[in-house]
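> Next come the chains, spelled out residue by residue.
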Amino acid sequence: MIEPLRHDVVIVGGGGAGLRAAIAAAEADPTLSIAIVSKVYPMRSHTVSAEGGAGGVVKPSDSFDEHVEDTVSGSDWLADQDAVEAFVAEAPRELLQLEHWGCPWSREPDGSVAVRPFGGMRKERTWFAADKTGFHLLHTVFQTSLRYRAITRYDEWFVTRLLVEDGRCRGVTAIDMRTGRLRAIAAGAVILATGGAGRVFPFTTNGAICTGDGMALAYRAGVPLKDMEFVQYHPTGLPGTGILITEAARGEGGILINRDGYRYLQDYGLGPPDPWPRLRAMELGPRDKLSQAFIHERQKGRTIDGPHGDVVHLDVRHLGERLIDEKIPFVRELSRKYVGIDPVHHPIPVRPVVHYMMGGVHTDIQGATPLPGLYAAGEVACVSINGANRLGSNSLPEILVFGARAGAAAGAYAREQRESRRGTLEAQERDEEHRLRSSFLEQKGGGERLAVLRDEMTRAMEAGCGIYRDEGSLRGAAGRLIGLRERFSRLRLDDRSGPYNTELTAALELDFMLDVAEAITHSALARTESRGSHQRTDFPRRDDGRFLKHSMAYRAPGLPRIEYLDVVITRWPPAERVYGG
Amino acid sequence: MKEAGTPDRTITLDIFRYQPGERATPSFQTYQIPYREDWVVLDAINYIKDRLDGTLAYRWSCRMGVCGSCGMMINGVPKLSCAAFLKDYYPERVRVEPLENFPVARDLVIALDDFIEKLPRVHPWVVREDAPPAAAEYRQTPAQLDRYKQFSMCINCMLCYAACPIYALEPRFIGPAAIALAQRYNLDSRDEGREQRREVLGAHHGIWDCTFVGECTTVCPAEVDPAGAIQQAKLSEALSRVKDLLTPWGRR
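Heads up: the sequence lines are chains A and B, in that order. For the first sequence, the tail end lands on 619 under my numbering, and the numbers increase by one without skipping. For the second sequence, the tail end lands on 261 under my numbering, and the numbers increase by one without skipping.
To be clear, the hints were calculated from the coordinates, so they are not data collected in a lab. It cannot be assumed that every hint is accurate.
[Stated by the list, open to error] To give an idea of the chain A side of the interface with chain B (calculated C-beta under 10 Å), a few residues:
#1 R82
#2 H84
#3 L134
#4 P142
#5 S144
#6 A168
#7 K170
#8 R191
#9 D193
#10 H472
#11 R475
#12 D493
#13 G536
#14 P537
Computed from a prediction, not measured in an experiment: that's the story for all the values here. For every residue, glycine included, the Cβ atom is placed at its ideal position computed from N, Cα and C.
Hey, can you work out the whole structure from these sequences and the hints?
This is how it looks when you write it as structure tokens:
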């Protein structure tokens with residue numbers, strides 16, 4: 039039996055949140071041993087795909103209260119206001135920290151950082167690095183992390199399970215993908231920083247790696263998943279691929295038009311259309327309302343038929359070539375490459391696309407989950423600052439603020455921990471090894487094909503848990519998921535080998551996604567109201583009396599158990615969301 | 010999954026296969042799949058993995074040219090498979106191999122250890138002795154940003170190493186992406202680390218190994234121009250050496 043590897047803090051995931059957590063832990067105590075365990079090299083993490091920018095109050099015209107208010111009203115009052123206040127206070131510090139580390143933020147002529155408007159904001163506060171903000175943020179934090187000797191990386195190690203001993207999280211098991219061998223990694227504390235789960239749906243901006251791994255790992259260890267029914271559809275994805283066209287295209291002045299060339303958002307409480315551009319109005323309304331407006335336009339027959347489904351047009355032609363190339367060059371590059379449209383001369387076809395999970399692993403304001411020793415930060419977590427609909431450009435500062443908080447908290451916790459008892463983690467490792475062999479690598483019967491099950495899962499989620507849901511559609515999805523879970527037990531892999539068995543890891547990802555899909559569906563079924571991104575056609579009103587609460591999905595035998603937790607209100611009592619005007 | 014197009018037409022891919030132990034003799038495997046006009050090579054490979062052969066191993070994630078995972082040799086040219094369109098090859102066959110100049114871990118998966126080891130050697134972070142401004146940014150004008158911006162666009166996809174004839178012959182060469190990154194920080198108005206980086210760039214297997222073939226710049230999907238970075242670094246190193254000679258006591 040091989041001794042487990044040992045570290046004080048083990049971070050699962052090497053994107054923005056994981057790297058920021060690692061640096062925070064190392065800075066708090068340079069004697070700590072910190073490991074980043076990730077199924078991909080850090081610079082492949084999905085943070086890299088974020089485009090438009092990062093919100094943080096820095097300009098004299100802006101204020102703390104306005105960022106809180108935009109975030110809280112954007113969340114349809116489901117965000118915890120103590121968490122939002124902490125977030126808004128720390129976001130500028132974190133973005134400045136990035137600046138000091140070398141992030142190439144776009145600048146004003148005087149050399150100060152530039153900001154741009156984003157949807158749902160009453161002030162311009164989005165820092166940006168042209169329209170590859172996530173890419174620059176990730177590479178800056180990754181390159182800076184290379185300075186810290188306390189950080190050890192396990193690149194391309196796939197975490198399969200959390201190790202729990204005496205009610206505390208004590209490490210993980212992970213497959214070293216290069217060899218295919220499973221190893222236990224013991225830890226004083228574990229931080230989940232695995233990102234989102236957009237791949238649960240068929241049409242998503244998310245990269246292939248966004249499979250909800252950390253959510254499922256925590257859920258299986260008894261930790262509740264919070265607010266999972268809130269799935270953000272971004273209004274502007276490229277048809278076919280789902281590639282994101284950033285909100286910055288509208289922040290810079292782009293407009294959305296239907297088949298008649300009409301700026302349809304004025305029909306959905308976001309107008310009047312002029313003057314334009316105008317903050318918190320029309321195309322700079324919140325994402326949930328813009329995506330919902332698309333569905334209504336489609337029902338009215340006013341969208342445009344395309345080879346990959348209905349679209350509307352995002353028109354930036356009036357901005358001119360120079361501004362497009364300076365401020366949103368990636369929009370031009372992606373449009374030309376993937377839909378053959380040069381936005382300088384033609385409008386871009388777009389449709390709503392699954393983008394972000396507001397829900398995730400339940401944590402407190404320090405990133406701690408209810409399981410001692412387990413922390414979470416970034417999209418995998420739900421603190422919650424995003425509530426029922428995330429404000430655009432809050433996700434990048436979120437991974438920094440709460441990554442840093444979780445890193446510091448987990449480091450402090452790990453310092454107090456003693457080594458686990460000899461042999462107990464090894465026993466769990468043996469169990470896990472046996473599970474992988476019997477379920478996947480030495481599976482005898484069955485003939486179910488991985489990609490078939492995955493496609494059916496994503497189609498079930500789209501049909502049942504899309505922008506508009508009702509009891510019938512959700513029950514349909516729940517039923518299909520039960521069938522898929524049963525068929526998954528008869529999965530048959532082509533690949534039974536060790537090194538880079540990416541069919542095995544894809545199967546483990548599907549295993550995770552089926553759990554996440556279950557939590558989404560049942561949380562949505564239980565919430566009989568409409569709020570933010572969760573729109574029930576059978577319960578079209580917000581119901582603060584019953585549902586000014588977070589959903590908490592616990593894994594249970596049979597179906598998940600849904601409980602509720604009160605939302606924290608500090609200074610902003612629930613009110614109507616007002617945009618436009 | 011994209012379904013538009015004409016499923017009756019097909020395209021043939023010859024894909025490099027290798028697996029330590031079980032398939033230890035490298036070979037090509039041929040797959041015939043439906044041809045779709047809007048597919049990239051990565052879509053074709055995903056089709057094969059999902060429907061025909063789950064044993065094929067390769068890396069991918071963002072499918073939009075920014076994560077840098079999916080570099081492969083496509084008909085002998087290093088490319089991101091998410092940005093290589095089938096229509097540019099159809100009706101000819103497409104040959105897909107792992108990136109050249111790297112050890113193959115399995116099938117289309119290369120071992121990245123060499124680059125990962127080289128990266129920290131060029132100190133790709135802001136080096137400064139004084140503390141940063143309190144609660145404020147370093148001022149950096151748009152013109153100062155433009156000096157290094159291009160070299161900050163590298164996605165670490167390794168296409169330039171696969172294209173570099175020097176790296177093919179001398180694996181100790183620090184290589185195009187690492188030098189471009191060093192130069193990115195050298196040119197950043199916030200950085201003072203140029204002297205530190207000279208120890209790697211100016212040393213044996215640093216910039217002087219490069220004979221300015223320029224293939225790195227040709228294949229770069231992010232328009233970084235590593236060859237330009239190397240030329241700039243050479244010029245600045247040459248000037249520094251002259252200065253070292255004239256003021257030997259000035260060199261730290």
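> Tell me if A/G536 is really an interface residue toward chain B, meaning its C-beta lies closer than 10 Å to one of theirs.
8 Å, holds
> Was the hint right that A/L134 lines chain B, CB cutoff 10 Å?
Constraint on A/L134 satisfied, holds at 6 Å.
> Mind checking the CB of A/K170 against every CB in chain B and telling me if the closest is under 10 Å?
It holds, given that the least Cβ distance between A/K170 and chain B is near 7 Å, below 10 Å.
> Against chain B, with CB atoms and a cut of 10 Å, does the hint on A/R191 hold up?
9 Å, holds
> Taking the least C-beta to C-beta distance, is A/P537 closer than 10 Å to chain B?
5 Å, holds
> Would you settle whether the hint for A/P142 is holds or violated, based on the nearest Cβ-Cβ distance to chain B being less than 10 Å?
5 Å, holds
> Have a go at the A/A168 hint: is there a Cβ in chain B nearer than 10 Å to its own Cβ?
8 Å, holds
> Let me know if the C-beta of A/H84 comes in closer than 10 Å to any C-beta of chain B, holds or violated.
A/H84 check passes; min Cβ-Cβ to chain B is 7 Å, inside 10 Å.
> Min Cβ distance, A/H472 to chain B: is it shorter than 10 Å?
22 Å, violated
> Less than 10 Å between beta-carbons is the criterion; does A/S144 satisfy it with respect to chain B?
Because about 7 Å separates A/S144 from the closest Cβ in chain B, which is inside the 10 Å limit, the hint holds.
> Would the hint on A/D493 be counted as holding, given a Cβ-Cβ threshold of 10 Å to chain B?
7 Å, holds
> Given A/R82 was flagged as interface, is its beta-carbon under 10 Å from a beta-carbon of chain B?
5 Å, holds
Going down the numbered hints, you'll see the structure goes against 10, 11, while the others check out.
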